[in-house]
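Chains as they are written, first to last, in the numbering used here: chain A, 1 to 355; chain B, 356 to 793; chain C, 794 to 1090.
Any given hint might turn out to be false.
Stated by the list, open to error - With the Cβ distance kept under 8 Å, some of the chain C side facing chain A (calculated, not the full set):
1. L900
2. L901
3. L908
4. D912
5. L916
6. W918
7. V974
8. S976
9. G1018
10. F1028
11. V1032
12. G1063
13. L1065
14. V1072
Stated by the list, open to error - Straight-line C-alpha distance at most 30 Å; calculated BS3-like pairs for lysine-lysine:
15. C:K965 - B:K586
16. C:K915 - B:K682
17. B:K723 - B:K406
18. B:K543 - B:K497
19. C:K968 - B:K406
To be clear, the hints were calculated from the coordinates, so they are not data collected in a lab.
Fair warning: this is a prediction, and the values are worked out from it, not measured in the lab.
Think of the CB as a built atom: it goes at the ideal place given N, C-alpha and C, for glycine as much as any other residue.
The primary structure of each chain is shown beneath.
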Amino acid sequence: MTDRRENDKNWIGRLYDWAGLSAPVGVILLVAFILVPVLPGDFWTEVGTEVLILGLFAMSFNLIYGYMGQISFGHAAFFGLGAYATAMLFRYFSGGTGEITTWQFVITLLVGPPVAALGSFIVGIFVIRLTGIYFAILTLAFGELIFFIVFSWYSFTGGDDGIQRLLPPAIFRDAAVYYYFTLAIVALATFIMWRITRSPFGYVLRCMRENPLRTRFIGINIKRYMLVNFVVAGTFAGVAGALWGPFTRSVGPLLLGWQEGGIAVFMTLIGGAGYFVGPFLGSIVYTFLNAYVTGFTVYWPLTIGVVILLIVIFAPGGLMGIIDAKISQGWFGLFRKKEPSENLNRLKTDEEAGD
Amino acid sequence: MSENRTHISDKKWDQVVKAMNRREFILSVAAAGVLTLTPRFVRAAADKPYKLGLLLPVTGTGANYADGAIKAVTNAAAEINDRGGFLGKHPIEISFRDTHTKPDVAAREARDVISRDDVQTIVGTYSSACAMAIQEIIHERKVLHLAATSNSSKIVNENYTPYTYQFCPNSKMQAGSVVVAVAEMIKKNNWKTFVTIGQDYEWGRDTQKQFVTSLAEKSPDTKLEKELWFKLGETEFSSYISAVMASKPDFLFGAIAGKDNRTFIRQAEGMGLFKRIPYPGGLISVTELQQQRRSIPRGMIGLARCPFFAHLDQPLMQKYIKMNIAKYGEDAYPTDWACMHYDAIYGLEQIINKIGSIETEAVKQGLKGATIDTCRGQATFRDCNNQLNIPAGYVGAVWDSPDYPFPIYNPDTMVIVKAEEVWTPTCDEVRKLQKNRA
Amino acid sequence: MPLDPGLLFVQLLGGLSRAMILFLLSSGLSLTFGVMNILNFAHATLWLVGGYVTFSVFSFLAVPLGESGLVLVLAILIGTALMVILGYLIERVLIRRMYARELPEQLLLTFALILIFGDLIKLIWGVEDRSIYFPIEPLEMLDTFVNPYYFVVLAAGVGVAAGLWWFLQKTKYGKIVRAAVYSRDMVSALGIRIPLIYAGVFALGIGIAAFAAGVFLPLMPMALGVDTDLIVQCFAVVVIGGFGSIIGTFAASLIVGVVYSFSVLIWPDGALAVIFLIVVMVLIVRPWGLFGTELRY
Chain A
1 MTDRRENDKN
11 WIGRLYDWAG
21 LSAPVGVILL
31 VAFILVPVLP
41 GDFWTEVGTE
51 VLILGLFAMS
61 FNLIYGYMGQ
71 ISFGHAAFFG
81 LGAYATAMLF
91 RYFSGGTGEI
101 TTWQFVITLL
111 VGPPVAALGS
121 FIVGIFVIRL
131 TGIYFAILTL
141 AFGELIFFIV
151 FSWYSFTGGD
161 DGIQRLLPPA
171 IFRDAAVYYY
181 FTLAIVALAT
191 FIMWRITRSP
201 FGYVLRCMRE
211 NPLRTRFIGI
221 NIKRYMLVNF
231 VVAGTFAGVA
241 GALWGPFTRS
251 VGPLLLGWQE
261 GGIAVFMTLI
271 GGAGYFVGPF
281 LGSIVYTFLN
291 AYVTGFTVYW
301 PLTIGVVILL
311 IVIFAPGGLM
321 GIIDAKISQG
331 WFGLFRKKEP
341 SENLNRLKTD
351 EEAGD
Chain B
356 MSENRTHISD
366 KKWDQVVKAM
376 NRREFILSVA
386 AAGVLTLTPR
396 FVRAAADKPY
406 KLGLLLPVTG
416 TGANYADGAI
426 KAVTNAAAEI
436 NDRGGFLGKH
446 PIEISFRDTH
456 TKPDVAAREA
466 RDVISRDDVQ
476 TIVGTYSSAC
486 AMAIQEIIHE
496 RKVLHLAATS
506 NSSKIVNENY
516 TPYTYQFCPN
526 SKMQAGSVVV
536 AVAEMIKKNN
546 WKTFVTIGQD
556 YEWGRDTQKQ
566 FVTSLAEKSP
576 DTKLEKELWF
586 KLGETEFSSY
596 ISAVMASKPD
606 FLFGAIAGKD
616 NRTFIRQAEG
626 MGLFKRIPYP
636 GGLISVTELQ
646 QQRRSIPRGM
656 IGLARCPFFA
666 HLDQPLMQKY
676 IKMNIAKYGE
686 DAYPTDWACM
696 HYDAIYGLEQ
706 IINKIGSIET
716 EAVKQGLKGA
726 TIDTCRGQAT
736 FRDCNNQLNI
746 PAGYVGAVWD
756 SPDYPFPIYN
766 PDTMVIVKAE
776 EVWTPTCDEV
786 RKLQKNRA
Chain C
794 MPLDPGLLFV
804 QLLGGLSRAM
814 ILFLLSSGLS
824 LTFGVMNILN
834 FAHATLWLVG
844 GYVTFSVFSF
854 LAVPLGESGL
864 VLVLAILIGT
874 ALMVILGYLI
884 ERVLIRRMYA
894 RELPEQLLLT
904 FALILIFGDL
914 IKLIWGVEDR
924 SIYFPIEPLE
934 MLDTFVNPYY
944 FVVLAAGVGV
954 AAGLWWFLQK
964 TKYGKIVRAA
974 VYSRDMVSAL
984 GIRIPLIYAG
994 VFALGIGIAA
1004 FAAGVFLPLM
1014 PMALGVDTDL
1024 IVQCFAVVVI
1034 GGFGSIIGTF
1044 AASLIVGVVY
1054 SFSVLIWPDG
1064 ALAVIFLIVV
1074 MVLIVRPWGL
1084 FGTELRY
C-alpha cells in the first residue's frame, strides 16, 4: 500500500522495511523512559510509573486484540487477580508491623502472575469456544463474575474496602527507584512478548486473525493456540497488576471491572493495535492526557470519549498507523536517495516526451 | 419560633435548590483545578499560598452530599482569603479532584495533588474506602488529612495515622447513638428480633457491625435475624424490601447513605414497609429532610450528623447560615456535610492562628488534643485517635416546622448523644485496634 | 423461610417489575443488534438521557399544568419523540460510518458514546439526580402491601412487548425489518432503502428506551452511574434471550428479573453473580441464546 519505488530506497529505507515502525519508535520510547526521572520533582516519575504499568497491561491485551483479532472486555479481571494476589500475600507478610523486607516484597510480586495465569486458564477454557461478539460478551461476563466474587467475598478479600497498607520496603518508596524497578520488569516482559510475537507461534496467531478457516485447513488446532495466547496475555496482565498494588499502596475490586478493562482497550486503540509498541504509545498519550486534563476540569470522560470517537472514525490505526502512513508517503524524505535513479517504469514527462 | 413567617413556595424552593445546585456548582467545580480565590489587591503582598487539596465525588452515590461540602470549603476559603488568607498573608488555593467514589481513583488523585500541586492538607473524602486509600498516601507524604464526611471508625482506629483528623462523628459513635435510642424502644415495645439492611461497602459494613455489637452489649436478648446487603447505586429495592417483610422482624436497622438512602426510603414507603416495620435510626440528615421534604414519613425516627437546627445558638453556625442564605437565597440552610467541612476549614484556621505558622508539622502538633470552636460548639480532639468529640449523633423524629419549608427533627423529643457516651471507651482499647504507626 | 403466599406474591411482583424494567431497557438493544449487527454499549446511557429529558419536559409542563399522571404521560410522549430524533441523528452521523467496519471498532465507538453522553448529562443537568414524586398509597393485597405503580410498569412492559411483536409480525414495515435481518442485499434489491430501515430501527430502539425511562421516573431516580450498572444486566438479558428476538428478550427478562428477586431472599450478596453465571452457561452451551437464530452464531 505504498507508493515508494523499490529502487528509490536507500539503506535507511531498507532497514525500516525489515525492522518495522515499532523498532525505531520502541527505541525512542525506551530512551525517553530512561530519562523521565531527570525531570524535576516526583510528579512526572509517578506518572511515568503509571504509564509503564498500564502500558504493560495494554500490551497484554493487544496479544488478544491486535495479534489474534478478538476483543476481550474481561481482561482487567486478570490484572486485578494479579494485583489482589500480590496484595494479599503482602498483607500476610507485613502483618503486625506494616513493614516488609525486600525479599518478601519480591516474593509477593512473583505470586501475582501465576494466579492471573490460573484465572485466565480457567476462563480461557470456556471462552475459546467462541469468537467475535460472543467472545467479547463472554469475556465481559466472566470478568464481571470474577469481580463479583472478589467484591462479595468480604471475609477473604475485604470486599469493597479493598486492601490497604501496601507499603513497599524503604528503598522502593522513593519514586525514582520504584520507577526504574518497574521499567526493568516491564522492559523484560516486553522483550519476552516481542519474542513471542516474532516466533512461529506469533505468526500462527496472525494467521488465525486473517483467515481462521484456512488456518484450520493447514492442520493447526486453533483452540489450543487461542488458549495458550489467552493465558499468556492473562499472565502479563498479572505482572502489571502485581506492580500496581504496591505503587498505589492499595487495591480495590474496581480494578477488575469492565470499565478498568476499557482503559487497556483505549490505550491500544489510541496507540495503534496493529503495531507492537502501539499500546505503549497509547498508554503515554492516555495517561498524560488524563493527568493534564484532570488538572483543570472534571470532564475527563467527555474528553477521552471524544478522542476515542475521532480516532475510531478517522484513524482506526491509531497514532502508529498515522505515523506509518506518513512515512510511507515519504514524509521525511528520509528514505529517498539523493538522486532518483533512472527508472524505466517511470512515465516520461511532457517535456521529455516532446510535444 | 415565629408563627407569622411565610416561606418561599415550593416552586421558589425548587429554584433555590436549582440555583444552589446547578449554576454555582458547575461554575465553581466544572472548571475545577486550582481554584484561586484571592482578591486581587491582596495578591501583590501575598506570601507563599496555602495549598489545599479537596477530594470529593462529583459522580456516584455520594454526589448529592458532596455538593454541599464542596461549596462549604470553597466559601470558607473565600471568606478567609478576603482577609488575606491564613494569618493574613497565605491565601488558600484549592485543588479539587473528583474521586468518582472509587478508592483507586482517590489514591491516584491524592498522589497527584501532592506531587503536582504540593498541597499541605487534603480535605476529604465522601466514601470511607476512598478515605482509607488516601490515608496510606498522606501518611507517607506527611500531608494533613481532614476528614469531614467519610466516617468509618476504621479511619481513626484500625487505619489510624497521626496526620488524619476527624471532624465527623465516626460510625461507632453514630451507631452507638442509635443504640441509645433503640434500646429505649426495645424495652418499651418488648422487641425480640431485627434485620439489618446496608450498602455493601466499607461504611455500610462498619456501621452495621458497630450497631450490632453495641446493641448486643446493651440488649443481649435481641437477636439479629438476617443481614441484607446491596451494592452501591442499587435502584430497585423491591426484592430487598419484601425480603425484610418476609422475615417479620420487630424492627429494621439501615446503614444506607447518599442517593441510595433517598431511593430506599421512597420505594420502601411505596411498599408500605414503614407501616409494618419500625425503622428507627436510619440516616436522615438535613439533605434527606430537604430533598425528600414532601415524601419523607413524618414521625420516622432518624439520625443526623450535624443538623443546623440543633445548634442555632452557636455563633459559628449562625455565621454560616447567614452566609449561606446571603449567597444562595432565603431558606438555603446548610446540610450536615456542609457544616462539618466548614468546621474543618475554620478549625484549621483557628489552630494556625494559635500557633502562628502554616508549617504542616507544627499544625499537626497544634491540632493534637486541641480545643476548637465549631458550628456545633466547642470541641476537643481525642488524644489517642484525633477524633473530635462533637456530638456522636442527633436522634429525632421527623416533624413539620413552621420555620422552614422542609421538616426537621421535633425539638421536644430530639436526643443529642454525647461523644464520650458511645465512642470506644478507653484509649487503651483504641490503641489495641490501631496498628503501630508512629 | 415461611412460605407465606403474601411473601411469594410480593417477591414475584418485584421480580416481574424488575423483569419489565429490564425488558423495556433491553428490547431496543436486542432489536438494534438483531437487525443491524451493532451492539450498542451506550444503550443504557441513552436511556438515562431519555430519563433526564423526560424529567425536564415534565418539570416544564408542570409549571402551567400542575403535577399529575396525565402530565407525566404527556411528558413521556414528548420526551420519547425527542429521543427518537436524537437516535436518528446519532445513527446518521456516527453509527452509519461503522457498518463496514470491524466489530471491535463498532464496539469502541459505542463505548466512547457512554463516556460522552454520561458527561453531557453532567454538563447539562448537573449532578443532582432526578425523580418524580407521586404520593401513592400502597395497596393492600394478600396480607401485604404493594406499590400500585408496579402494575403500571407491568402494563407498560407487556404493552411494548405486544406492540413490538405486532409490528414485526403483522405490519408491512415490520416484515421488511425482519427480512433485512436475513438478507440485506435482497431487501435492497427489491428497491427498499436499507439505510432508512437501519436509521428507523435504531431510532425505534432509542425511543423504546426513552419511553421506559419516562415510565420509571416515579419509581427510581435518574442519576449518574445508573447507566453503567444497568448495561451489563441488559447484555445478560440479550445474551440469554438471543439477539434480535423480542420473545427471547421478554423471556430472558422474566428469568433474570425473577431469579434476581428470589436470590435476594436466599443469597442476597450473590444475586448478580447468579445472573452472570447464567449468562456464562448460556454462552457456553447455546451461544445464540434461548430464542436466537442459529444463523447468527
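So, going through the hints one by one against the coordinates:
1. Taking 8 Å as the C-beta contact cut-off toward chain A, the hint placing L900 of chain C at the interface holds, the least distance being around 6 Å.
2. Evaluation of the L901 of chain C hint against chain A yields a held restraint, the C-beta minimum of about 5 Å falling below 8 Å.
3. A hinted interface residue such as L908 of chain C counts as satisfied when its beta carbon comes closer than 8 Å to some beta carbon of chain A; here the least separation is about 3 Å, so the hint holds.
4. Below 8 Å, beta-carbon pairs count as interface contacts, and D912 of chain C has one with chain A at about 3 Å; its hint therefore holds.
5. Given hint, L916 of chain C at the interface with chain A, holds; its Cβ is 7 Å from that chain's nearest Cβ, closer than 8 Å.
6. With 8 Å as the threshold, the beta carbon of W918 of chain C stays out of range of chain A, its nearest partner Cβ sitting at about 14 Å, so the hint is violated.
7. For V974 of chain C, the interface hint is violated, the least distance from its beta-carbon to any beta-carbon of chain A being 15 Å, above 8 Å.
8. Hint status for S976 of chain C: violated, given a least beta-carbon distance of 20 Å to chain A, over 8 Å.
9. Hint status for G1018 of chain C relative to chain A: violated, with the closest Cβ pair at about 11 Å, above 8 Å.
10. Checking F1028 of chain C against chain A by beta carbon gives a least distance of about 6 Å; that is within 8 Å, so the hint holds.
11. Annotation: V1032 of chain C was flagged as interfacial toward chain A, and the flag holds, the nearest CB pair being 6 Å apart, inside 8 Å.
12. Because the beta carbon of G1063 of chain C sits about 6 Å from the nearest beta carbon in chain A, less than 8 Å, this interface hint is met.
13. The beta carbon of L1065 of chain C is positioned within 8 Å of a beta carbon in chain A (closest approach about 6 Å), and the interface hint is therefore held.
14. Evaluation of the V1072 of chain C hint against chain A yields a held restraint, the C-beta minimum of about 4 Å falling below 8 Å.
15. Distance restraint check for K965 of chain C and K586 of chain B: the Cα-Cα separation of roughly 45 Å exceeds the 30 Å cut-off, and the hinted pair is therefore not satisfied.
16. Between K915 of chain C and K682 of chain B, the direct Cα distance comes to roughly 23 Å. Compliance with the 30 Å bound is thereby established for this hinted pair.
17. This hinted pair checks out: K723 of chain B and K406 of chain B have alpha carbons roughly 21 Å apart, not beyond 30 Å.
18. A C-alpha spacing of about 51 Å is found between K543 of chain B and K497 of chain B, which places the hinted pair above 30 Å, so the restraint is violated.
19. Taking the CA atoms of K968 of chain C and K406 of chain B, the gap is near 66 Å; set against the 30 Å cutoff, the hint is violated.
In this structure, the earlier hints numbered 6, 7, 8, 9, 15, 18, 19 are contradicted, and the remaining ones agree with it.
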